[in-house]
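A.B. asks: As you go down the protein sequences, you meet chains A and B in turn. Residue 543 is where the first sequence starts when you use the working numbering, and the numbers rise one by one after that. Residue 91 is where the second sequence starts when you use the working numbering, and the numbers rise one by one after that.
Just so you know, these hints were derived from the structure itself, not from any lab. Check before you lean on any hint, since a few could be wrong.
Stated by the list, open to error - Here are some, though not all, of the chain B residues that point toward chain A, as calculated from beta-carbon distances under 8 Å: (1) Leu-167; (2) Ile-225; (3) Met-226; (4) Ile-231; (5) Ser-236; (6) Arg-242; (7) Arg-245; (8) Ala-246; (9) Leu-250.
None of these values were measured; they are calculated from a predicted model. Virtual Cβ for every residue (Gly too), placed ideally from N, Cα, C.
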Amino acid sequence: MTALWAILLRDMRIAVRIGGGALMGVLFFLAVVTLIPFAIGPDQALLRKIGPAILWLGALLASLLGLDRLFAADHEDGSLDLILMGAASLELTVAAKGLAHWITTGLPLVLAVPVLGLLLDLDPLAIGAVALTLLAGTPALTFIGMIGAALAVALRRGGLLLPVLVLPLTVPVLIFGVSAAETAVIGPLMFGTPFLILCALTLMSLVIGPFAAAATLRQGLD
Amino acid sequence: MALIDLANPTRFLNFAERVLPWLVAATLFAFAIGLEQALFVAPDDYQQGATVKIMFLHVPCAWLGMFCWGLMTVAALGTLVWRHPLADVAAKAAAPIGAAFTFLCLFTGSMWGRPMWGTYWQWDARLTSVLVLFIMYLGLIALWRSVEDPGRAGRAAAVLTLVGAVNLPIIKFSVDWWNTLHQPASVFRIGGPTIDKSILVPLFAMAIAFTLLFLTLHLAAMRNEILRRRVRSMQMLRVFADEDMRQIESRA
Chain A
543 MTALWAILLR DMRIAVRIGG GALMGVLFFL AVVTLIPFAI GPDQALLRKI GPAILWLGAL
603 LASLLGLDRL FAADHEDGSL DLILMGAASL ELTVAAKGLA HWITTGLPLV LAVPVLGLLL
663 DLDPLAIGAV ALTLLAGTPA LTFIGMIGAA LAVALRRGGL LLPVLVLPLT VPVLIFGVSA
723 AETAVIGPLM FGTPFLILCA LTLMSLVIGP FAAAATLRQG LD
Chain B
91 MALIDLANPT RFLNFAERVL PWLVAATLFA FAIGLEQALF VAPDDYQQGA TVKIMFLHVP
151 CAWLGMFCWG LMTVAALGTL VWRHPLADVA AKAAAPIGAA FTFLCLFTGS MWGRPMWGTY
211 WQWDARLTSV LVLFIMYLGL IALWRSVEDP GRAGRAAAVL TLVGAVNLPI IKFSVDWWNT
271 LHQPASVFRI GGPTIDKSIL VPLFAMAIAF TLLFLTLHLA AMRNEILRRR VRSMQMLRVF
331 ADEDMRQIES RA
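So that you can see chain B by itself, here it is in the shape it has in the complex (with noise of 0.2 Å):
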């Protein structure tokens, strides 16, 4: 099937009804593969201990964090160029999971920043740029629930969020242009991961397990949106069609 084909709506929510359960599915067994994996399976750090672990968390949500910005991205673009009519749906559906992942990112960050760092919050670069990510979320969300009419909404989102867009390479590569208390990159950097294997793929299978968690919260969350935007239209209808039969009574 082609992304045209889901253009319309109905076929889309045919899809999603199909597609869901086998998501769920997929989820819970990554779930049960990755949370065995980081627990049991990886060691603990020799100088951290246990607090390692908590990376299991953040590093897959920092990731969904940033992947979900990219997403809607291409979902802004989808609706400004193509005028995909299911792209501001993606992009809205999007935001709220992708701000829930950033908070975990920062959460779970400054858990463990405060036994490692010694402190909750550090004036960091890449700290920085995931919190500027987080509040553009917030504004963006903000954005949507302002203005009633979701076609008009969804094309001011979109131009916000393309611009928005310079925010993720900041947040990429701060690491590597201010050189100060996070760590710099360690998985996806030229010459090969610098992580052990036995930490390596545990992580992995956590960021598929959450990827997949993203996957089925964002298909469930468009779903919603599209009936949303059907009762909506309904009671329209329906007001309207209420205000036709007055008419026509009060005539009679």
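Okay, chain A solo, but in the shape it has when bound (with noise of 0.2 Å):
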């Protein structure tokens, strides 16, 4: 339990530091929220209307960004060889890993969203279904990622490959945090039943995530 706490401290004082880029993804999400309405017009009602999926398609592709660095630098350091031979399971050090990458990375984009919210004039109400939303699937978008970032660091490439990976396997955490977002202004029960598959999802992906980015990782650098 303390090789997992040092890790989980580690990667979260490593990303906060110079070339960390733990607020990269938050930059990125405002530069994604603010070219929608550039491309679609300042059509204040159409903004409204379409601003949960805005937000989770920008959170989604912020969250790829820093994806190809969860195992890269440790690789390239020499630290993942260590990890590797270490006494502590690979599969929980690997989702250690992949906690602090998502309160690096994940929960400042659930923080940023009241923000970016208001610059799509949204009401409180669905301001606060969206960040709900997020905070329960973008865990889900990190640990389904990590998969692939396990695989792009096994193969030695993949900056390009990486999201042609993942994103196809992040289609179903996307309906449904959109889908949960959007119906919370209709009604509790509405919103409860796509609010739950979405975090079925998340918990489904913190199982899968770990045991197949550590399967891939102990294949890829035997």
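Bring the two chains, given one by one in their own frames, into a single complex with the hints.
C.D. replies: In structure tokens:
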């Protein structure tokens, strides 16, 4: 347990220092959300209508951005080999790294939603719904993306390959995230079903992600 | 002959050489019957007219697109768990064929959808999940093409194949979970098929023909992949041998 804590704290510390790029995702999120009104025109009613979808799409793309660094940095300086040889179970270690990655890149996206929601003229209820669904859904994005990150490291390339492999797998998360955020305005009953499915997807990815990523790392780096 | 005997590539090549002509003949025969049944025996639909014939292509292609990923999932287990030496050859050979069948499924579906639904494409649950399947096939092929070492690529692709297999039940049950545009299951369902026999028999004939076609193509592709790997290792040996010769000459 102490080893996992150490890895969690180390990864978070690295992420907030120079070259860590913890807040890059939020900047990218802001840039994407700012671009949308340029593309579709500053129509307030339309923006309000598709606002939750824009925020979800922006968060999905932003969470892809730092993903290739999840294992690549450790692979470059050799600490990944130490982690592989270490006594702690690789699945748990990978999960701890994923958690650190989510805290430093996923959580800031959720926190940025209230500000970006105001830009898109969303009402407070919709902003709350988007923030809540992103809070439930972004861990799934990180932990699914972790499989792609492990593949990219094991294959020693994959900057371009990673999004192609990861994006199709995130489609269910996007579907239920957006539908939960959109139905929140209608009422709690309509909101409940997609939101629970979103939570189920997150829980599933929390299990599948670390196992698949650990298997990939073991296969690729022997 | 047990599956383990075929682990030896030379034995597998012999097996493929012996079986392939029979498979080709069986495929041609099955298509002769299936096409005759589908084009001439099966009646036109009273509402859709002759466009219903597209179904005889569409359904077998959809079934094979999913079957192929299922086969790759088994092969992925073979690669990762049993380390069967031909498992990653089987998976690699299957991916482009599966992608082609999935594309044909989407293409025939949208050709039929234009006159019937009034649109080429609709973001319906089943259509979307099959499109995701198609994109995953392409991603997997891209993964194989981006790594030189076949063993390393095969193991990485195996992990991704297993993860992607989650999509298969989503496709199968999408029409039940989200009752949108695509019609619900009507062949393999609890309580028996809801299609009339005059259509069901030709459909099964075509499905068998397409499955035989898939098996033929897959076996031929596996044989080609094994030969391609042999060529690759021979080329490498030759490069090393030339290098050795040069060193010996320079020393002499």
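A.B. asks: Each hint needs a verdict: does it hold in this structure or not?
C.D. replies: Each hint, compared with the structure:
For Leu-167 (chain B), the interface hint is violated, the least distance from its beta-carbon to any beta-carbon of chain A being 12 Å, above 8 Å. At a threshold of 8 Å, the smallest CB-CB gap from Ile-225 (chain B) to chain A is about 5 Å, leaving the interface hint in force. A cut of 8 Å between beta carbons decides the hint on Met-226 (chain B): the least distance to chain A is about 5 Å, and the hint holds. Against a cut-off of 8 Å between C-beta atoms, the interface hint on Ile-231 (chain B) is violated, since the closest Cβ of chain A lies about 10 Å away.
Given hint, Ser-236 (chain B) at the interface with chain A, holds; its Cβ is 6 Å from that chain's nearest Cβ, closer than 8 Å. With its C-beta approaching chain A no nearer than about 6 Å, Arg-242 (chain B) sits inside the 8 Å limit, and its interface hint holds. A distance limit of 8 Å between C-beta atoms decides the matter here; for Arg-245 (chain B) the minimum to chain A is near 4 Å, and the interface restraint holds. Here the hint on Ala-246 (chain B) is kept, as its CB sits about 5 Å from the closest CB of chain A, short of 8 Å.
Below 8 Å, beta-carbon pairs count as interface contacts, and Leu-250 (chain B) has one with chain A at about 6 Å; its hint therefore holds.
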